[in-house]
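Number of protein chains: 2
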Amino acid sequence: MTAPFSFTVAARDGSARTGAITTPRGVIRTPAFMPVGTGATVKAMFPEDVAAAGADIILGNTYHLMLRPGAERIAKLGGLHNFMHWEKPILTDSGGYQVMSLAKLRRITEEGVTFQSHLDGATIALTPERAIEVQCLLGADIQMVLDECTPFPTTKDEAKTSLDLSLRWAERSKTAFAAMSAPGQALFGIVQGSVYQDLREESARALIDIGFPGYAVGGLAVGEGQDAMFDMVDVTTAVLPADRPRYLMGVGTPEDMLGAIARGIDMFDCVMPTRSGRHGQAFTWAGRLNLRNARYAEDPSPLDPESACPAAHYERAYLHHLVKSGEILSAMLLTYANVQFYQELMASARAAIAEGRFAQFADDVRRRYREGSEAGNGED
Amino acid sequence: MTAPFSFTVAARDGSARTGAITTPRGVIRTPAFMPVGTGATVKAMFPEDVAAAGADIILGNTYHLMLRPGAERIAKLGGLHNFMHWEKPILTDSGGYQVMSLAKLRRITEEGVTFQSHLDGATIALTPERAIEVQCLLGADIQMVLDECTPFPTTKDEAKTSLDLSLRWAERSKTAFAAMSAPGQALFGIVQGSVYQDLREESARALIDIGFPGYAVGGLAVGEGQDAMFDMVDVTTAVLPADRPRYLMGVGTPEDMLGAIARGIDMFDCVMPTRSGRHGQAFTWAGRLNLRNARYAEDPSPLDPESACPAAHYERAYLHHLVKSGEILSAMLLTYANVQFYQELMASARAAIAEGRFAQFADDVRRRYREGSEAGNGED
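Those sequence lines, one after another, are chains W and R. Per this note's numbering, the very first residue in the first sequence carries number 1089; after that it's consecutive. Per this note's numbering, the very first residue in the second sequence carries number 1089; after that it's consecutive.
Check the hints yourself; a few may be wrong.
You can't tell identical chains apart in this list, so a pair holds if it fits in one copy or across any two.
To be verified - Computed list of lysine-lysine pairs in DSSO-like fashion (alpha-carbon distance at most 27 Å, straight line):
1. Lys1176 x Lys1248
2. Lys1412 x Lys1131
3. Lys1176 x Lys1244
4. Lys1262 x Lys1412
5. Lys1176 x Lys1412
6. Lys1248 x Lys1192
To be clear, the hints were calculated from the coordinates, so they are not data collected in a lab. Please read all numbers here as calculations on a predicted model, not as lab measurements.
All chains, please: the whole structure from these sequences, using the hints.
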């Protein structure tokens, strides 16, 4: 008998909570950060090291995988877990976000979205049903409904129209998922509504009416600023049921995540630790460092003496040399160190919540980041 | 008391021999293949994995390291071993080869060679004395005399003139090494003479007169063809003393190495396994494979079931996908698999020599490579 999907909260500290999502492929400790494995690889990392860094779950991008190597091919090869040597849970997005950001000539209708592949120009249709089919072919443990990612900024009227379409697609996604999914897999709804409080509430309530085992907050961290993002998280988590996991999509910086955890968010994903690692940027307990900086040329201190990551014990002078030389090893070491820092941050947050000292913990980290971080976010 | 540098031959099989070089930093089992760690990194590999693959020694490039990050800086940071997290022996070349192949505006005089850095155009002088000084600053366990890498093809007169200069530089290198080196470090001479049998013999005899604890054969695998290369190796090893290690520089393919081992060579280095790994090429026990080939798109078999390397157990379809997508993980996995294959080839050669069946072993590998290899050598 396959273990069902479930979520339990073990401890609360203000609105922050810590607990666990149980899936047939393993337990996800929350708050959880999911490293992004875009094209069936967390870039520049061996999958064993992603697990060793502490990740319980990774994210796969449906858009990328359906284009290359193709969902049917991955299914034929035994599913995404087998394909990429990752046995623990995988969450896949619906593909909608990348269609908006990467694909050419996209056209949205009631039926779905048609677009041209950014790789070869092929015309491809993505409907709510196809998005679920692809995620089932991949074998994703947690799947996402297809939604329209409302552009930012947008008028309230446009946000409302977009929201209504996303709700109809959410219903169709749920129906398709019921027909196609395997036991123990779960489908999450996605709250939209741009920066409009009443639309966010309306979206959350409508999704609750449809009924999902988990809810994501989408369409944030797109330029609205941290205050507006936190306001929307506050509004949304106030409506969402306490017994379901809450996932803030595409977030974020350590400061963003700490603020969101304080507001009741349980799950995150972001390319920041991996992408930054490929561009000479390190997240450490002492702040964000730019290893390209000449001040590190003869610095014999380890990248992050407070991290347990083997990669964080390499000397800054060596990492500076590797970054300046464009060596692949710089991406390997910094990505590993960053991914593990994000996991250690989540583990420390979980412990702090369990011990009722989360606010103090978050303040400490924020202060160290404010005082110790260097310019540049690695997103070049 | 520091262990001295020594070489012992444990078994012979025809002209092939197996044994061990002992250095203060560890034992090098021979025949040995040295992965190339150009800029203080074996490209795309964690140093732990280079050791796990079976390498007893790696090669560092004096030219690259003196330009970036600089030999004095590496010395200040505790030496090359400490800098790059590699505790076992390191052999460094003299820098001469890269001056010829990479630097601009080089001018050779009796004193040495002056060139412009390919990185920033700075004018730099490399003399036999400076080449040794740099290698001592790096802390190399085995160092090489500065020689002039005779171009190929060349006339006999030019080869003789070049050879004579290299012999004068070899004497100066030895004098400098005696003054600067640390206990247990060793300096090897380099036999030149292009494809001229009598010049090779003359070079070898003159170097023996100067006296070195090991001898390299240089200036081969530069376009002369395998037959000519083997002829020169035959001529040279016939003259070189049996109780000193023999190092064939910049070689090579599995077939080249097997032929050279049969002729009494003990050490090799080559960028082939690492460079090929970054270009989708794999060395396996079944031959050389081009993972970019469409035939692997749905091939669920492991890269090399006969290899003990964890990277060689990834499925060909997945590696094909990573190569086609330009993912860093493809370079990581294929480089690891290739470096370990080269080490396994050496380990099997050592065992075959010890058991008196080297000729049969080499024939088997050559046949499999002839029948199983695909076009393309990864040197794009």
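Hint by hint, here is what the structure shows:
| no. | hint | verdict |
| --- | --- | --- |
| 1 | Lys1176 x Lys1248 | neither (37 Å within a copy, 65 Å between copies) |
| 2 | Lys1412 x Lys1131 | both (20 Å within a copy, 14 Å between copies) |
| 3 | Lys1176 x Lys1244 | neither (40 Å within a copy, 65 Å between copies) |
| 4 | Lys1262 x Lys1412 | neither (49 Å within a copy, 34 Å between copies) |
| 5 | Lys1176 x Lys1412 | between (35 Å within a copy, 25 Å between copies) |
| 6 | Lys1248 x Lys1192 | within (25 Å within a copy, 64 Å between copies) |
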